[in-house]
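Student: Below, each chain spelled out in residue letters.
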Amino acid sequence: MEVLRITTSGSVDDGKSTLIGRLLYDTNSIPQDKMEALHAASKRKGLDFTDLSLLTDGLVAEREQGITIDVAHIYFSTPNRKYIIADTPGHVEYTRNMVTGASNAQVSLILIDARKGIVEQTYRHFFIAGMLRIPYLVVCVNKMDLVEYSEARFNQIVEDFQALVATASFKAPSIKFIPISSLYGENVAGKSEKISWYNGESLLDYLEQITFDHADSSHPARFPVQSVIRPRTEAYHDFRGFAGKVASGQFNVGDEIISLPSQQTSRIKSIEQFEKQLDVAQARESVVITLETEIDTSRGSMLAKVDNAPALLKDITANICWMDQQKLVPGKTYLLQHGINRVKAKVQQLLEVVDVTSNQLVEGKKEMGLNDIGKIAIKTAAPIFADVYSVNPANGAFILIDEFSNSTVAVGFVA
Amino acid sequence: MSNKIQWEFPQALEDEAIYILRETAAQFERPAILFSGGKDSITIVRLAQKAFYPGKCPFPLLHIDTGHNFPETIQFRDWLVESLGLELVVRNVQDSINQGKVQEETGKYASRNALQTVTLLDAIEEMKYDACIGGARRDEEKARAKERIFSVRDEFGQWNAKMQRPELFDMLNGKINIGENVRVFPISNWTELDVWNYIRREKLEIPSIYFSHERDIIERDGMYWPASPFLNTTDEEVPFRQKVRFRTVGDMTCTAAVISEADKLEDIISEILEAKISERGARIDDKRSEAAMEKRKQAGYF
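In order, the protein sequences belong to chains E and A. Whatever position you read off the first sequence (first residue = 1), add 504 for the numbering used here. Whatever position you read off the second sequence (first residue = 1), add 3 for the numbering used here.
Honestly, the hints are just simulated from the structure, not real lab data. Incorrect hints may appear among the rest.
[Said to hold, decoys possible] Straight-line alpha carbon distances no greater than 25 Å define the calculated DSS-like cross-link-like pairs of lysine-lysine that follow:
| hint | chain 1 | residue 1 | chain 2 | residue 2 |
| --- | --- | --- | --- | --- |
| 1 | E | Lys675 | E | Lys698 |
| 2 | E | Lys831 | E | Lys773 |
| 3 | E | Lys780 | E | Lys831 |
| 4 | E | Lys780 | A | Lys206 |
| 5 | E | Lys809 | E | Lys773 |
| 6 | A | Lys104 | E | Lys773 |
| 7 | A | Lys206 | A | Lys111 |
| 8 | A | Lys267 | A | Lys246 |
| 9 | E | Lys809 | E | Lys831 |
| 10 | E | Lys620 | E | Lys680 |
| 11 | E | Lys850 | E | Lys883 |
| 12 | E | Lys549 | E | Lys538 |
| 13 | A | Lys267 | E | Lys883 |
| 14 | E | Lys773 | A | Lys59 |
| 15 | A | Lys246 | E | Lys780 |
[To be verified] Covered, in the sense of this in silico footprint (three residues per stretch, anywhere, with C-beta under 8 Å from a C-beta of chain A), are these stretches of chain E:
| hint | region |
| --- | --- |
| 16 | 604–615 |
| 17 | 730–738 |
| 18 | 741–754 |
| 19 | 810–819 |
| 20 | 861–869 |
| 21 | 904–914 |
Where a beta carbon is used, it is the ideal one built from N, C-alpha and C, also for glycine.
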């Protein structure tokens, strides 16, 4: 069974939590005791309807403020597949959570309030989805009930959004527009009768038919080594296997491989998954690989195919999103973690800061703080084996860790 | 539409969990598995066994024994440790009570569930564990929906929802300062159904209380409680025999039974799909207030 990961973003009060509550409700994913708790909580708040948004707004602070603060994960299934929603906050201060939620998603779901149309936050969400190269974008024009289900209003918003897409500096993903009312469930899990002028699928029907390439055949084969397994028991006296999760592409038994950074080559002898022997390991599968010959490979090494190995990078230009209260300090040494591989790295230069709401460079901006997005030049103490993010996202991202606080302070995308 | 039973386990979840366990072994000096004897920690043990095969599971099991466990759970624990050749460390809540570090609760709803946090934090300090692997899942409860895979705790074991590190893609940052430790949740993205389907696919043994059996129970607040010497009862609360099973393994004082005839794994899974009550709904400890779980998490609960 497949897993489809979705990230949702919207502005405060555009009905995101209600939409998710509605998806769960309409797929029978809410147990009775939780439903009763919702009725009771809604009543306590003096509402005369069951507020489905209360289902996902988890933390005490959120209940007090009535807004979503952190990334929350929500799960539901259809007979077709399992869905994981990363529900991320919509207001300005929490862009870092939005990027976090988006980092694993195949689908970005953007909500627009039909009354308000495109707002500053819409630009931000679109920019982040584009920067992260999320393949599918669904724009839900919500609260259609409050604009009398007007086709003209919907078309206007679609037109405005297309104008925004035209200004994008990255390759636009596949975009789907759906008019919905999350409060009344119109076009959420089933087709709306009230919005008869709309001929497309409901949100859930659209999500159900999204397909993706599991073999990941368009991307180069990359295998970051997490650890070396050497049991040294009688039965496995000479066993030496490399444990890891295939980052992208696929490996077959018999493939000629190169190990980085040693640049020694060998051939794949076996691919193992517990007691099973496999012929092939595909992207995102956790396996153990053994080689025909002993070569210099350990935690942090990367296996690739001989004819398609990544470059050894030390001087890197990258787009980054800053995620920490402490500002970026040019010239400071951070730890750069690419996949599982950590090296020291010095930020050489802050090249530019982008205003994501206008997609324009911010003139004269010399510093980068929490939630800023921009471009840096960074030099690592040892090479990393990364691909350009837009070419192979699964091997093109890294994080920066502050050596003193140990916090994850930024995410970077190799340019 | 969701009435059709989905028996298939999403393989991506196992691949993700194994990756997380391998990162835990590599990034920490002294990691341990928090073992309760419940189906989630049994799943973790299986994943650890698979992640390092044909090598050995590198993690010891840490069991915080409240003294109020179902006897079936303890029997199961000892059998599992023996059959897989694992290392087991047990620390007792009774010792924390004897040392005067915690006080036994009184009254009808007395339970040792909250007390075990102190015993756990002492055990972490004593054994110098820097990472504790738990079977918590984000679908269990609202506060857990926001939990990270690597969740940093301060010296007092506290969790701060606003200070969490962002987790990007599958990159895990386990760097900590001295005195801090990390809780690791490899099956964060699994649902209860995923766990059951995994147990079915892997043909795992689980404690017998998960299956329908006859037992003495009492009725209180519309729920069925297992009769035991640990439960403070009133004169009106007379135990009676009933065929029941348990959806979670907790203490006998805070785990409610459901009336059930399900004695096979397939029947249990069907029951869950038609379930009228969520898994933690059968946990009396969560019912204390709407924010109960979050408050216990901040205090260092699992």
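Student: Now look at each hint and say whether the structure bears it out.
Tutor: Hint by hint, here is what the structure shows:
1. For the suggested pair E/Lys675 and E/Lys698, the alpha carbons sit about 35 Å apart, so the restraint of at most 25 Å is broken.
2. About 48 Å separates the Cα atoms of E/Lys831 and E/Lys773, which puts this hinted pair outside 25 Å; it is violated.
3. Distance hint between E/Lys780 and E/Lys831 is unfulfilled; the C-alpha atoms sit about 49 Å from each other, more than 25 Å.
4. The straight-line distance between the Cα atoms of E/Lys780 and A/Lys206 is roughly 16 Å, inside the 25 Å bound, and the hint therefore holds.
5. Taken as a hint, the E/Lys809 and E/Lys773 pair is honoured in the structure, with Cα atoms around 14 Å apart against an allowance of 25 Å.
6. Using a Cα cut-off of 25 Å, the hinted pair A/Lys104 and E/Lys773 is violated, with the two alpha carbons roughly 56 Å apart.
7. Under the criterion of a C-alpha separation no larger than 25 Å, the hint pairing A/Lys206 with A/Lys111 is inconsistent with the structure, at around 39 Å.
8. A C-alpha spacing of about 14 Å is found between A/Lys267 and A/Lys246, which places the hinted pair at or below 25 Å, so the restraint holds.
9. Straight-line distance between C-alpha atoms of E/Lys809 and E/Lys831 comes to about 40 Å, which puts the hinted pair past the 25 Å bound.
10. Taking the CA atoms of E/Lys620 and E/Lys680, the gap is about 19 Å. The hint holds against a cut of 25 Å.
11. Simply put, E/Lys850 and E/Lys883 have alpha-carbon atoms about 5 Å apart, close enough for the 25 Å limit, and the pair holds.
12. Of the supplied pair hints, the one linking E/Lys549 and E/Lys538 holds, its CA atoms being roughly 16 Å apart against a limit of 25 Å.
13. Between A/Lys267 and E/Lys883 the alpha-carbon distance is near 59 Å, which puts this suggested pair outside the 25 Å criterion.
14. Between E/Lys773 and A/Lys59 the CA atoms are separated by roughly 22 Å; this keeps the pair inside 25 Å, and the hint holds.
15. Between A/Lys246 and E/Lys780, the direct Cα distance comes to roughly 40 Å. Violation of the 25 Å bound is thereby established for this hinted pair.
16. Under a criterion of three residues with beta carbons nearer than 8 Å to beta carbons of chain A, the stated coverage of the region 604–615 of chain E is upheld, 3 such residues being counted.
17. Using a Cβ-Cβ cut-off of 8 Å, 6 residues of the region 730–738 of chain E lie near chain A, which meets the minimum of three, so the contact claim holds.
18. Under a criterion of three residues with beta carbons nearer than 8 Å to beta carbons of chain A, the stated coverage of the region 741–754 of chain E is upheld, 5 such residues being counted.
19. Proximity of the region 810–819 of chain E to chain A, defined as three or more residues with a beta carbon under 8 Å from a beta carbon of that chain, is not established by the 0 residues found.
20. For a cut-off of 8 Å, the count of residues in the region 861–869 of chain E with a CB near a CB of chain A stands at 0, and the three-residue condition is violated.
21. Residues of the region 904–914 of chain E with a Cβ under 8 Å from some Cβ of chain A number 4, which satisfies the need for three, so the listed coverage holds.
When held up to the earlier numbered hints, the structure conflicts with 1, 2, 3, 6, 7, 9, 13, 15, 19 and 20 and fits the remainder.
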